[in-house]
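Asks: So the chains spell out like this:
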Amino acid sequence: MASESSDEGGNGYEPKILVFACNWCSYAGADLAGVSRLQMPANCRIIRVMCSGRVRPEFVVTALSKGLDGVLVLGCHPGECHYSEGNYFTRRRGLLLKNLLQFVGIEPERFQVRWVSASEGAKFADTVEQVTEQIRALGPNRPQGGMHSTEPGDR
Amino acid sequence: MPKTRVGVFVCHCGNNIGGVVRVPEVVEYARTLPNVACVEDNLYTCSEEGLSSIREQIAEHGLNRVVVASCTPRTHEPLFREACEQAGLNKYLFEFVNIREHCSWVHMHDPAMATQKAKELVRMGVAKARFLEPQEEFESSVFPAALVIGGGVAGMTAALGLANQGIQVHLVERDQELGGLIREVRTLFPAGQATEEVLQPLAEQVRNHRQITVHLGSEVEDVGGFIGDFDVAVKADGQVNNLKVGAVIVATGAEELKPTGLYRYSELGNVVTQLEFEERFKRGADVPRDVVIINCVGARIPERTYCGRFCCTTAIKNAIWIKEREPEASVFVLHRDVMAYGVQIEESYRRAMELGVRFLRYDPENPPQILGDGRAEAVRVQHQLMGKEIVLPAELVVLTTPLVARDDNPRLSKMLKVPLGGEGFFLEAHLKLRPIEFSTDGVYVCGSARYPANIPESVSQAYASAAKASIPIREGVVRAEAITALCDERTCSACGNCVEVCPFGAVELQEGRFGRTAQVNPAQCKGCGCCVAACPSGAMQQSGFNDRQLLSMIGALAEEMTGGVGE
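Sequences listed follow chains A and B, in order. Using our numbering, you'd call the opening residue of the first sequence number 1 and step up by one each time. Using our numbering, you'd call the opening residue of the second sequence number 156 and step up by one each time.
These are computed hints drawn from the structure, not numbers from a lab. Worth double-checking, as some hints may not be accurate.
[As the list claims (entries may be wrong)] Calculated pairs, DSS-like style, for lysine-lysine (alpha carbon to alpha carbon, straight line, at most 27 Å): (1) K123/A <-> K623/B; (2) K623/B <-> K587/B; (3) K437/B <-> K569/B; (4) K569/B <-> K623/B; (5) K123/A <-> K437/B; (6) K98/A <-> K123/A.
Quantities reported herein were computed from a predicted structural model and do not represent experimental measurements.
Please build the complete structure, drawing on both the sequences and the hints.
Replies: See the structure below:
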């Protein structure tokens, strides 16, 4: 388990996964997983947003086109959004985005949307485990050139 | 514009982070990041020593951004922001990196991966920090009333604590009577005082207080809103009553575990729980001559790992009660350990032994057996000191079970957007430092809703939650975090997507200096950022979570991969 190298090659490749977690449910769920000392693969990096509805599709496309292996968006369960309906936008946008990814030649499985509440530390850990394994099975993401999105600072 | 100078503070958190993540390596790595002017590690960055170090480094190195890599912003962000402010730095120039809950605690067996992850998280945090901007906060008013859910000892005490400060309180109780679970208990530990003697004056004060409105036979149906401005729907007899409050206290208590399937409970009529024992003698039943009390029933087992905290006290109290009424009675307490903590409980434990109550330890691997057909007649138990089985006659078997979380907790937890722990009790914001608060502002907890609490504990927690809840109410204003949306009128095309998606009606299209554009009312904006994601031109941005900041984090995470070099 304690592989000394996280680089590609060696005894296998370690996917790098970007996670967006909403402040109220999923980030708190991730905190609870930590407080509960639930052990999980170390492939995810969380960016905290106030609501999953903040995640612009461009972020997902940018991340994948820059070579990250997967993007996971986590929000409150439908009907439980702290802002009433932000996660409904996430859900609809997610479906469209998967189509778009397929169209541009990126495996749509590299992008996933899941719901984790503040009390679901165990579900957070399970989700990280499952998604990591699914993305690991896809192998390294090798984006085609020419579809880089805006660089930070362009705006 | 002055050069961006970032200070990075990496916390060991004692051994919590430093025991897994190789902190010195993270520190050395952080020094190589752009715009980083100073890096240091602290044993505890949140200690006074750590905080004053942040203040000193801001002054010494002219820092204009601060990154702390430690625990979670949900508990510690206000503290570090305050330290920045004290050093004259706008608190929105602070960025939090979580390397404890999200790293060291969940990758305990893989220091290499955890260290690597911590470095990347720090890199992302520094990347965002470089684009942070100072912000001004918006103030909103607090409705001067509070909701207390639950009319037991904790809820009544909390209600009085608020009402005696002149704050209007709505106390919602599901039953038709105030008092909660303790009403079922006949006498109280340690003096054997009748429960009513404690409960009645308390309930009387609550009922007669002109600042308290008691809603009996009522349940909270729905809670919306935020600190200072909660909308609460309370349902009674099919009627819904809408209330407005500024703060909420959860005091819904817990219930006794009914140990179906254990020790032939519910099969044999004379195998009862402690509360059923109380109920029997409230009704004036004869005191039995042979009683066996079994402790830790359904507690400290794999399915329910916690200790019920005062079950041992209850067993001691009731054993003494029997012996005082029937000195010839044989009373055995079968236990795993006797948790007689504190002065008074230890004294009662001794008194029980003096009265002739016998305490015998049993082995959970080889638990006592209830013997008898149709009713319990005896209990067989392995006597650990004698090393042989003995049979104790039993007219009555009393099972001491722990309090368990109420079935209703998940519903309430979702409504209030506060978490439950693994055992189903409400989970406080911080085990040690914020024991009666939640991370969600304006919601507090006291009594057995959080974890089994006896009366003195419930009362002190109730005082604490009332004191905490009264702070925003008495201040009258809360400052909303400056994370609201803002429209750049020059690039807005007035498509109206933002108006459509805003759940709070905070965005409107208005005529302005640049023609018709979207305008955000910061009093109504709650900072979800949905409008930002919906904006096709990038005109709409969210303070503290703008596109440039978030894209820079993504870029920082991807950097290594595109470079293709390991570290």
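Asks: Could you run down the list of hints and mark each one as holding or not?
Replies: Going down the list of hints, with the structure as the test:
Between K123/A and K623/B the alpha-carbon distance is near 32 Å, which puts this suggested pair outside the 27 Å criterion. Our distance criterion of 27 Å between C-alpha atoms is met by K623/B and K587/B, whose separation comes to about 16 Å. Note on K437/B and K569/B: the hinted pairing is violated, with a Cα-Cα distance of about 38 Å set against a maximum of 27 Å. Distance check on the hinted pair: K569/B and K623/B sit about 22 Å apart at the alpha-carbon level, within 27 Å; holds.
Restraint check for K123/A and K437/B: not satisfied, since their Cα atoms lie roughly 45 Å apart, outside the 27 Å limit. Taking the CA atoms of K98/A and K123/A, the gap is about 23 Å. The hint holds against a cut of 27 Å.
Violation of the numbered hints given earlier is confined to hints 1, 3, 5; the remaining hints are satisfied by the structure.
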